[in-house]
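All chains should be built: construct the whole structure from the sequences, respecting the hints.
Each chain, written out:
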Amino acid sequence: MQRLILKSGLTLLVSALFGSVLVFALLRLLGGDIAQLLLGDEAVPGAVEALQLELGLNDPAYLQYWNWLSGLATGDLGTSYGIGYDIFDQIRIRIVPTVFLAVGTMIISVPLALILGSYAAIHVRQRRSVFVDVGAQIGLAIPAFWAGLLLVLLFAVKLGWFPATGWVSPSEDLSGFFRAITLPITALVLGRTAVMTRYARSSMIDVMGEDYILCARSRGRTLRGAALRHGLRNASIPLVTVGILQFGSLMVGAVVIENVFAIPGMGRLLVTGVAGREVIVVQSLVFVFLLMILILNFLLDILYGILDPRILDKPVRT
Amino acid sequence: MFKRRKRVELVKIRRRTRSIAVVMAVSLVFAACSGATTDDTSDTEAPTTAAPSTDAPTTAAPSTEPAPDPRGTTLTVAHFQEPPTWDYLTSNSGAIRVPIFMNVIEPLMEFQRDGSNGPLVAESWEISDDGLVYTFAIREGVFHDGSTLEAADVVYSLKANQLSPIGPISGPLSVVDSIEALDERTVQLTLSGPSQLLFPSLANRAGMIVPEGSLEANDIAGGELIGSGPFVFTDFKTDVGATFLRFEDYWGELPYFEVIEYRYITEQTSELNALLAGDIDMAVSFAGDTQARLPGLDDDFTVHGMDPKGINYMFLSARSDKLADLRVRQAISHALDRDPILTAAVSGYGFPTCQYIEPYAAPFQNDYCPYPYDPARAMELLAEAGASDLEIQFVVIDTAAHPTISLIVADQLEKVGITVDVKLIDIPTWFDQVFGQGQYEISNVTGGVTIDAFACGGGREPIGDNRGAGDDAATCDEEYQALLEAVDKITDYDEFIAAQAELAAVFADNAWVIPLYSRSSTRVARSDLIGISPYMVDVEFDMRGLRWDS
Numbered sequence: 001m002q003r004l005i006l007k008s009g010l011t012l013l014v015s016a017l018f019g020s021v022l023v024f025a026l027l028r029l030l031g032g033d034i035a036q037l038l039l040g041d042e043a044v045p046g047a048v049e050a051l052q053l054e055l056g057l058n059d060p061a062y063l064q065y066w067n068w069l070s071g072l073a074t075g076d077l078g079t080s081y082g083i084g085y086d087i088f089d090q091i092r093i094r095i096v097p098t099v100f101l102a103v104g105t106m107i108i109s110v111p112l113a114l115i116l117g118s119y120a121a122i123h124v125r126q127r128r129s130v131f132v133d134v135g136a137q138i139g140l141a142i143p144a145f146w147a148g149l150l151l152v153l154l155f156a157v158k159l160g161w162f163p164a165t166g167w168v169s170p171s172e173d174l175s176g177f178f179r180a181i182t183l184p185i186t187a188l189v190l191g192r193t194a195v196m197t198r199y200a201r202s203s204m205i206d207v208m209g210e211d212y213i214l215c216a217r218s219r220g221r222t223l224r225g226a227a228l229r230h231g232l233r234n235a236s237i238p239l240v241t242v243g244i245l246q247f248g249s250l251m252v253g254a255v256v257i258e259n260v261f262a263i264p265g266m267g268r269l270l271v272t273g274v275a276g277r278e279v280i281v282v283q284s285l286v287f288v289f290l291l292m293i294l295i296l297n298f299l300l301d302i303l304y305g306i307l308d309p310r311i312l313d314k315p316v317r318t
Numbered sequence: 001m002f003k004r005r006k007r008v009e010l011v012k013i014r015r016r017t018r019s020i021a022v023v024m025a026v027s028l029v030f031a032a033c034s035g036a037t038t039d040d041t042s043d044t045e046a047p048t049t050a051a052p053s054t055d056a057p058t059t060a061a062p063s064t065e066p067a068p069d070p071r072g073t074t075l076t077v078a079h080f081q082e083p084p085t086w087d088y089l090t091s092n093s094g095a096i097r098v099p100i101f102m103n104v105i106e107p108l109m110e111f112q113r114d115g116s117n118g119p120l121v122a123e124s125w126e127i128s129d130d131g132l133v134y135t136f137a138i139r140e141g142v143f144h145d146g147s148t149l150e151a152a153d154v155v156y157s158l159k160a161n162q163l164s165p166i167g168p169i170s171g172p173l174s175v176v177d178s179i180e181a182l183d184e185r186t187v188q189l190t191l192s193g194p195s196q197l198l199f200p201s202l203a204n205r206a207g208m209i210v211p212e213g214s215l216e217a218n219d220i221a222g223g224e225l226i227g228s229g230p231f232v233f234t235d236f237k238t239d240v241g242a243t244f245l246r247f248e249d250y251w252g253e254l255p256y257f258e259v260i261e262y263r264y265i266t267e268q269t270s271e272l273n274a275l276l277a278g279d280i281d282m283a284v285s286f287a288g289d290t291q292a293r294l295p296g297l298d299d300d301f302t303v304h305g306m307d308p309k310g311i312n313y314m315f316l317s318a319r320s321d322k323l324a325d326l327r328v329r330q331a332i333s334h335a336l337d338r339d340p341i342l343t344a345a346v347s348g349y350g351f352p353t354c355q356y357i358e359p360y361a362a363p364f365q366n367d368y369c370p371y372p373y374d375p376a377r378a379m380e381l382l383a384e385a386g387a388s389d390l391e392i393q394f395v396v397i398d399t400a401a402h403p404t405i406s407l408i409v410a411d412q413l414e415k416v417g418i419t420v421d422v423k424l425i426d427i428p429t430w431f432d433q434v435f436g437q438g439q440y441e442i443s444n445v446t447g448g449v450t451i452d453a454f455a456c457g458g459g460r461e462p463i464g465d466n467r468g469a470g471d472d473a474a475t476c477d478e479e480y481q482a483l484l485e486a487v488d489k490i491t492d493y494d495e496f497i498a499a500q501a502e503l504a505a506v507f508a509d510n511a512w513v514i515p516l517y518s519r520s521s522t523r524v525a526r527s528d529l530i531g532i533s534p535y536m537v538d539v540e541f542d543m544r545g546l547r548w549d550s
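For the record, the sequence lines run as chains H and D. For the first sequence, my numbering begins at 1 and goes up steadily by one. For the second sequence, my numbering begins at 1 and goes up steadily by one.
In case anyone wonders, no lab produced these hints; they're calculated from the structure. Take these hints with a grain of salt, some might be off.
[Unchecked claim] Not close to chain H: a few residues of chain D, all C-beta gaps over 12 Å, as computed:
#: 1; residue: Asp69
#: 2; residue: Pro70
#: 3; residue: Ser147
#: 4; residue: Ala344
#: 5; residue: Ala385
#: 6; residue: Asp432
#: 7; residue: Asp492
#: 8; residue: Gly531
#: 9; residue: Pro534
[Claimed, not checked] Some, not all, of what chain D presents toward chain H, calculated at C-beta under 10 Å:
#: 10; residue: Thr90
#: 11; residue: Asn92
#: 12; residue: Pro165
#: 13; residue: Ser170
#: 14; residue: Gly222
#: 15; residue: Tyr264
#: 16; residue: Asn273
#: 17; residue: Leu276
#: 18; residue: Asp279
#: 19; residue: Asp426
#: 20; residue: Gln433
#: 21; residue: Val449
Each residue gets a CB set at the ideal place from its N, CA and C atoms; glycine is no exception.
Written as structure tokens, this is what we have:
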């Protein structure tokens, strides 16, 4: 296990470092800068150049990279060029709504997908499983932002049950928080559940063909009993991978939903940052996303080691 | 056996208890949620935002109120655009001016509907006969930080405005040689020469007044803005919004609303949905294709079409050899049919125009259109200029109405034989490429500046000497520049108006800038909200007169 942790940890570090260089370089290729953007098209001659100099936008790339990297390591990324907010603090604040969205979606999606997938697998050759399959296909086909807009039109505009936009911190108003987060999470749940239902169904169908299910049935268990007692746990294992990857993509992909529902999360900060050429904000956010994905993959490696001890026996390639 | 049965019963009881607990918890959550859903009286509640860190009392309700209106004195509004900074002296962003101008920071004077200036920070003024000395009497008032409004504050503010890198702020003040406080209540401006531009500008951004030293002492970029206006700006949160609290020590009539919650909803569809769902009472501005949904709104909402503000125009690069021939530029102008562009870009909100005259209400506004839509004439001119196989690059911003405009313009130009290569890029890249490096042949933008901004040495293409062009004199139209300078010095008003009309005509004749339409944005509000003011000097959102309809 130690070898696995060491190997995966090393991979994480190297990938993170490589990723930081890549993120930094790509943002320099984006074109445009905040000095031009702030001053607009009515600036007096020389003003843009002066502001570029003042903001350090003309510093050598290696110096800018080093300043950013050391800032990341020490938790001091400085302040944004425009508003002047503390970048590290802002990311810390903004991660909260995004995590709530992602975790809330997973809490609902995973069990729902297991139930629906298992149901479809158990009744695989029956008409009722078709409903689940068709539902999953529709869920896959509907983009989250569109689902969000439809939900808003029905539940906020027509029925007035939930707010159409906004974010309420749970520490300020718990019921307001639940009301604000219900529609965005529902919009996200539709797509995620559809993806995972298909995985759960396919995994369950595989498991149902295993000898131990046959054995359980020969001992008198019903099909459903055997599936629930012995199949479900085994069918869940592939879902761990899918679930963790889905969680990562949710954190990154919540940007659209955050915009539709005006939720001040990381995604919205990213969009504002890109539009405003707040390069340090953007590269820091992208790096945080990258780091999250890497950490999730690292945890996945470790989890596999625990779930499947055969992985631990493999010799480490050096 | 007995023990086993007992254990089974215990497990059952524990499960039942757990189930009851879960049901109770869910019920509690639902109770809390349903309580919130019926809570439609939030407007009547006391403001929940923290009071600003000022000495002045700001949230107390006036004791003269006869009976509280059930709709409350809190108004929630939304705007789709958030400024990149709050420093109005170093940024040209309209999103700063929309809520701040007049409400938080007041200019020296107030622009009136009839085109004159009315009193605001200055109670009265005198202008010497030769137009070289302006004397202002400053009113008694208090700033949001508790300091008193004095002549020294006006001197400090105008001197700071003179140093702004933003043309419309510092430009008009460049003719001012000295700014002095004659006493606590009197300020005198001495000009190097007469200027028609200065006086109206003092009722605009060039005249914004703040307390002495406040620009250095406060985090202006972060939103610590202090003025003498009727609202105190507070509690700004990026991507969320800000709160405007009524300033109880305001020198003038107090606004009706005690609190105005100002929210940012960047997606205009979401902004409209928030309005329909009752999350907000008013959407400060709609622009672009979302306006197509507005005619379908029911009677609960009123659409306020604002006066046209901002002209959408094509502009041609003076550094492109292909466009140097006036006949080619005339052909491009003749090829453009403005009506379908207006309909597609802004759902018809606005009017087509051939002249760059801003504001539209300027007295020299006329119907002069030197190159109206005439594709046959366009083809003739191209043939005469030997440019029948013209190929041009059209660099366009990839948001708002610009992609739509680019498609129609490209189609119309291709009908007269011009091959158009449309290149869509985001705003920061566009700024860099077009204004920074001058890498384009034709482009399109919506602007709210006057033609003075195209002066030589300014930042505008193609009449002005663009930054990317360096000292390239070819980009500066000497005739236009000479006329522009002469116009500003005319002291007789009628003569000035006639000269302005001539200037606008020369500008249109050159066809470096081809205006397409004057855009009108819209405000949408609950029908019982009244006092929504028209635009006066800018796209400002004047909160002072807002109130519920009785």
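Here is how each hint holds up against the structure:
1. Here Asp69(D) stays apart from chain H, with its beta-carbon at least about 22 Å from theirs, past the 12 Å limit.
2. Every Cβ of chain H is farther than 12 Å from the Cβ of Pro70(D); the closest lies at roughly 18 Å, confirming the non-interface assignment.
3. Listed as outside the interface, Ser147(D) is consistent with that label: its C-beta sits roughly 24 Å from the nearest C-beta of chain H, beyond the 12 Å cut-off.
4. Every C-beta of chain H lies more than 12 Å from that of Ala344(D), the closest at about 23 Å, which supports listing it as non-interface.
5. Residue-level check passed: Ala385(D) sits 29 Å from the nearest beta carbon of chain H, beyond 12 Å.
6. Against chain H, the non-interface label of Asp432(D) is violated: not every CB pair exceeds 12 Å, the least being about 4 Å.
7. The Cβ of Asp492(D) lies farther than 12 Å from every Cβ of chain H, with a closest approach of about 29 Å, so its non-interface assignment holds.
8. At the 12 Å boundary, the C-beta of Gly531(D) stays outside the reach of chain H, the nearest C-beta of that chain being 25 Å off.
9. Non-interface call for Pro534(D) relative to chain H: holds, since the shortest CB-CB distance, roughly 23 Å, exceeds 12 Å.
10. Contact between Thr90(D) and chain H, as hinted, is supported at the beta carbon level, the nearest pair being about 6 Å apart and thus within 10 Å.
11. Interface hint at Asn92(D): satisfied, since its Cβ lies 3 Å from the closest Cβ of chain H, which is below the 10 Å cut-off.
12. With its C-beta approaching chain H no nearer than about 3 Å, Pro165(D) sits inside the 10 Å limit, and its interface hint holds.
13. Satisfaction of the interface hint for Ser170(D) is found here, the shortest Cβ-Cβ separation to chain H being roughly 6 Å, below the 10 Å cut-off.
14. With its C-beta approaching chain H no nearer than about 5 Å, Gly222(D) sits inside the 10 Å limit, and its interface hint holds.
15. With a least beta-carbon distance of about 7 Å to chain H, the hint placing Tyr264(D) at the interface is held under the 10 Å criterion.
16. The beta carbon of Asn273(D) comes within 4 Å of a beta carbon in chain H, closer than 10 Å, and the hint placing it at the interface holds.
17. The interface hint given for Leu276(D) holds, since its Cβ lies 5 Å from the closest Cβ of chain H, which is under the 10 Å cut-off.
18. The beta carbon of Asp279(D) comes within 5 Å of a beta carbon in chain H, closer than 10 Å, and the hint placing it at the interface holds.
19. Evaluation of the Asp426(D) hint against chain H yields a held restraint, the C-beta minimum of about 7 Å falling below 10 Å.
20. The interface hint given for Gln433(D) is met, as the beta carbon of that residue sits about 7 Å from the closest beta carbon of chain H, less than 10 Å.
21. For the restraint placing Val449(D) at the interface with chain H, the shortest Cβ-Cβ distance is roughly 6 Å, inside the 10 Å limit, so the hint holds.
In summary, the structure is inconsistent with hint 6 from the numbered list given earlier, while agreeing with all the others.
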